[in-house]
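Protein chains: 2
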Amino acid sequence: MSTDKQNRPKARVAKGFRDIGAEEIRGVRQMLAKIQTVYEAYGFEPVEQPFIEYTDALGKFLPDQDRPNAGVFSFQDDDGQWLSLRYDLTAPLARYVAENQQKLPTPYRSYRQGWVFRNEKPGPGRFRQFMQFDADTVGSASPAADAEVCMMAADTMEALGLERGQYRINVNNRKILDGMMEHIGLVEESDQARRLTVLRALDKLDRLKWSGVEALLGDGRTDESGDHTPGAQLSPVSIVAIRELIWLKQSGDLEGKSNSAILREYGKLSFGANSKFVDGLAELGDMDRLFDGSGYSSDQIAIDPSIIRGLEYYTGPVFECELLIPTTDEDGKPVRFGSVGGGGRYDDLVARFTGQQVPATGFSIGVSRLYSALKLVGKAEELNVTAPVVVLVLDKDRQGDYWRMVQTLRTEGIRAEMYVGTAGMKAQMKYADKRGAPLVVIQGGDEQAKGEVQIKDLRLGSELASGIASREEYAAQRLAQVTVKEDELVSAVKKALSL
Amino acid sequence: MSTDKQNRPKARVAKGFRDIGAEEIRGVRQMLAKIQTVYEAYGFEPVEQPFIEYTDALGKFLPDQDRPNAGVFSFQDDDGQWLSLRYDLTAPLARYVAENQQKLPTPYRSYRQGWVFRNEKPGPGRFRQFMQFDADTVGSASPAADAEVCMMAADTMEALGLERGQYRINVNNRKILDGMMEHIGLVEESDQARRLTVLRALDKLDRLKWSGVEALLGDGRTDESGDHTPGAQLSPVSIVAIRELIWLKQSGDLEGKSNSAILREYGKLSFGANSKFVDGLAELGDMDRLFDGSGYSSDQIAIDPSIIRGLEYYTGPVFECELLIPTTDEDGKPVRFGSVGGGGRYDDLVARFTGQQVPATGFSIGVSRLYSALKLVGKAEELNVTAPVVVLVLDKDRQGDYWRMVQTLRTEGIRAEMYVGTAGMKAQMKYADKRGAPLVVIQGGDEQAKGEVQIKDLRLGSELASGIASREEYAAQRLAQVTVKEDELVSAVKKALSL
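Note that the protein sequences, when read in sequence, are chains Y and Z.
If you read the first sequence in this note's numbering, its first letter stands for residue 219, the second for the next number, and so on.
If you read the second sequence in this note's numbering, its first letter stands for residue 219, the second for the next number, and so on.
What the hints contain is simulated information worked out from the structure, not anything from laboratory work.
Predicted model only: the values in this text are computed from it and were never measured.
Any given hint could be a false lead.
No distinction is drawn between identical chains; accordingly, a pair holds when it is met within one copy or between any pair of copies.
Here are the simulated EDC-like pairs of lysine to aspartate or glutamate, each with C-alpha atoms no more than 16 Å apart in a straight line [to be verified]:
#1 Lys339 - Asp296
#2 Lys233 - Asp274
#3 Lys228 - Glu473
#4 Lys475 - Glu442
#5 Lys252 - Asp409
#6 Lys614 - Asp510
#7 Lys644 - Glu599
#8 Lys321 - Asp237
#9 Lys648 - Glu540
#10 Lys252 - Asp517
#11 Lys339 - Asp297
#12 Lys668 - Asp421
#13 Lys668 - Asp615
#14 Lys233 - Asp295
#15 Lys278 - Asp549
#16 Lys228 - Glu317
Bound-form chain Y, shown alone:
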């Protein structure tokens, strides 16, 4: 192996990726287990698709080109077929269902959790690998299936320790927006780009307020830095129609209203007779009756006309899990934490393969974002993991004896390790300290001769240093150093750890 200096690679994590430490791994593990418990109780079954799929199966070829979309990591197999790393968990599920439809019950309710990859420009807090936790119901066109995933999302937030008022599942329907698009005349295939511009503009309402959105719907918007974003070039009449819908939310008139009252307001809009709009409203009504009949209140699940969800493939109800807990934005201004997941109905994804429409709906949690939120409100219960007790090695020939001490402690459920390096006593103490070990166990020749072991409390030093306790206070409660008989090792360690 060459250690020739010029040929040495630089040790650096790849751009847009990150290493994950013990605290986050343990915290996320706990959180995932709680989510899983809820999904299992609901009768959803786990299933996993591989990380790599044929690019065409993911629907990620660029239009009219033989190359995959630049947004996905892709590579050619030895037989020339293009493969891609999954960029979400929904496209692989659609492939799985299309391939195995005969074997699966209808509807097929499943959940999965895993890493997904985006070949995009990384930024602060924006990584190219992140984890999602999805639940999907494939094979039901009923709004009850949409309502179920919303109620499951609400139950999940409560299982994670969030309280009413800290989270809310916001629900809307793409058909409402489709009806509005029809009303303002954006119906042709050739209007696709403008429809997207409208959706994207509406999705920015929180940040740009109505004045900014209005500019993006019309001639375009020039931001503070002078950058110009072209607009959708809608007529003033069309913009007024859109404002009607937005105004429902922005006016504050809906604040505190029940979902059914909100739906009545929807019905009064000037494009309230459009047939798509009417369908969408009816589906929301069905969902609301189920929420209401099942005892979910509008502070848990709320009909919200401002929910858009960017993805093109949604065809019906869309939802978003919003955390209302306060935090600050990049400029230090107080804001709500915001979305930690979302989803909706995607009736066309399986049809890509089979030609037959298979109605489907699902909900996806952004695992890192949810974990950050739970940490923020002190609900990310890290497993209460204490650093291990370290048994020092004073005499290399007696490692077997030290090992048996460690084993005895482990048998009693105490994390413990024997020092396995090659350094002397002083470096071993330093190691135990860097490790965060609460206690070290020492048995030199003198102690061995008397059948004794010494237990040193390393927390004393650090607590004194941080002013938590005076030496006297501390010594009164806990031992700093104690010598006990060998067979009292376990009880003395337990006492010191207050177990």
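Chain Y is fixed; fit chain Z onto it per the hints.
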């Protein structure tokens, strides 16, 4: 979205990849949790590296070329740098340690579990994505660190329910083999290819027996199909020297001997004075004293001269976890299950980056293989997950009522779901059956009027069909169908499920 028939992609999982179903997911989840518990008790800390690394950081550029090795999945980033999917968990760990050495304690003991990828030709049971569970100690040159991972591997097998005699950790040392290579004169840089040929030949001892290995060490071997594999072209004298080492194991003379007796036999070999050989033997002696002093017997951890471990990067002790449980090979012949993991010392991997040697050792479990083995001996404890109770929807307007029944059952820890599809009663029963539901709950207009619910036991039909019970036997023990008051739903369901 185009559903134009010609443009439809075929729904198929990519070549060499697979989907994973509920049973395996739950079984592996349980198994991983048990391994984790052992590693945590030992004081190893979790850490995770990303799935994607710079190709040079993984050491996977082809010699003298600017292209990555064909064995890894690689792609170029937008800045021209090559990225690769990790092919094991060790190379990314070496990068991580080299990058973060200052922050980490020495020695640094960590564990991680995750998927790795090989761009190789798939075969039956050989996939291009598989899971490993690794534990490593970086920063200790002491044989105690090697011994620790071996003892941890043994403890792990027992925590998984395997008994003495069902598993064994086999230990050898690369320095023994290096000494042998020196003895037979394969020491030059230019002998690299021949050394590898020798190692590969020895690694095939189980399958080819000594006669086959002997041919590969000499002029080469022609197999039954007529294919010729070139040999290492060793002299007869060299082959006799190698046979001495192999014979130690093959003769059966070591059978039942203690590790220290085996080491004494090693010492009697004709190249027993070679200094590398002597070093290797001394390290094995140190490890054995720790095994012995810690109470591990040679039926748990055995010194075994036939252990090679193919990877080039090992520099000292090597180990393998062998399962002795009986199974059959492809031809139906009885064989031992074989290796489910292994590892060894790799003192040069961090030095690739830093130029300074950082001694390291580790152990890696092949998760799927271990899970298969546990299933084989009935130790793959699947979580005892019952399929959910299904509450049928007879009246769409009363979904709220049905939902509350489901909620009540869940609150009592019973998996339950309300049917969320759009089909009628008959299809709902079929769904419940396909789902494996033990019970369905039915409340039509008549039952509602009387404040009652009907509970149907679906297991009756299938047990009758499979001849497990006569209708009379069955009915005597359990209800096939019962009508109870609404507020008796939970107790009746519990009774039917024998909870």
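Quiz item: Given identical chains, is Lys233 near Asp295, meaning Cα to Cα at most 16 Å, within a copy, between copies, both, or neither?
Solution: Only across copies: Lys233 and Asp295 sit 9 Å apart there, 24 Å inside one copy, limit 16 Å.
Self-check item: Lys252 and Asp517: within-copy, between-copy, both or neither at 16 Å Cα
Solution: Close neither inside one copy (22 Å) nor across copies (40 Å); limit 16 Å.
Quiz item: Between copies, within a copy, both or neither: which fits Lys339 and Asp297 at Cα up to 16 Å?
Solution: Between. Shortest inter-copy distance 11 Å satisfies the 16 Å Cα cut-off; intra-copy 30 Å does not.
Self-check item: Within, between, both or neither: Lys339, Asp296 at alpha-carbon 16 Å
Solution: between (28 Å within a copy, 9 Å between copies)
Exercise. Up to 16 Å between alpha-carbons, please classify Lys228 paired with Glu317: within, between, both or neither.
Key: between (44 Å within a copy, 9 Å between copies)
Quiz item: How would you label the pair Lys475, Glu442 (within, between, both, or neither) given a Cα cut-off of 16 Å?
Solution: neither (36 Å within a copy, 82 Å between copies)
Exercise. Indicate which option fits the pair Lys668, Asp615 if close means a Cα-Cα distance not exceeding 16 Å: within, between, both or neither.
Key: Answer is neither: 18 Å inside a copy and 80 Å across each miss the 16 Å cutoff.
Exercise. Classify it for me, Lys278 with Asp549: is the Cα-Cα distance of at most 16 Å met within a copy, between copies, both or neither?
Key: neither (36 Å within a copy, 43 Å between copies)
Exercise. With 16 Å as the alpha-carbon cut-off, assign the pair Lys228 and Glu473 to within, between, both or neither.
Key: Answer is neither: 56 Å inside a copy and 48 Å across each miss the 16 Å cutoff.
Quiz prompt | Identical-chain pair category, Lys644 with Glu599, by Cα at 16 Å | solution = neither (35 Å within a copy, 46 Å between copies)
Quiz item: Within a copy, between copies, both or neither: where do Lys614 and Asp510 come within 16 Å Cα-Cα?
Solution: Result: close only across copies, 14 Å inter versus 70 Å intra.
Practice problem: Could you place Lys321 and Asp237 in one of the four classes (within, between, both, neither) given a Cα distance threshold of 16 Å? | Solution: between (39 Å within a copy, 14 Å between copies)
Checked against the numbered hints above, the structure breaks hints 3, 4, 5, 7, 9, 10, 12, 13 and 15 and satisfies the rest.
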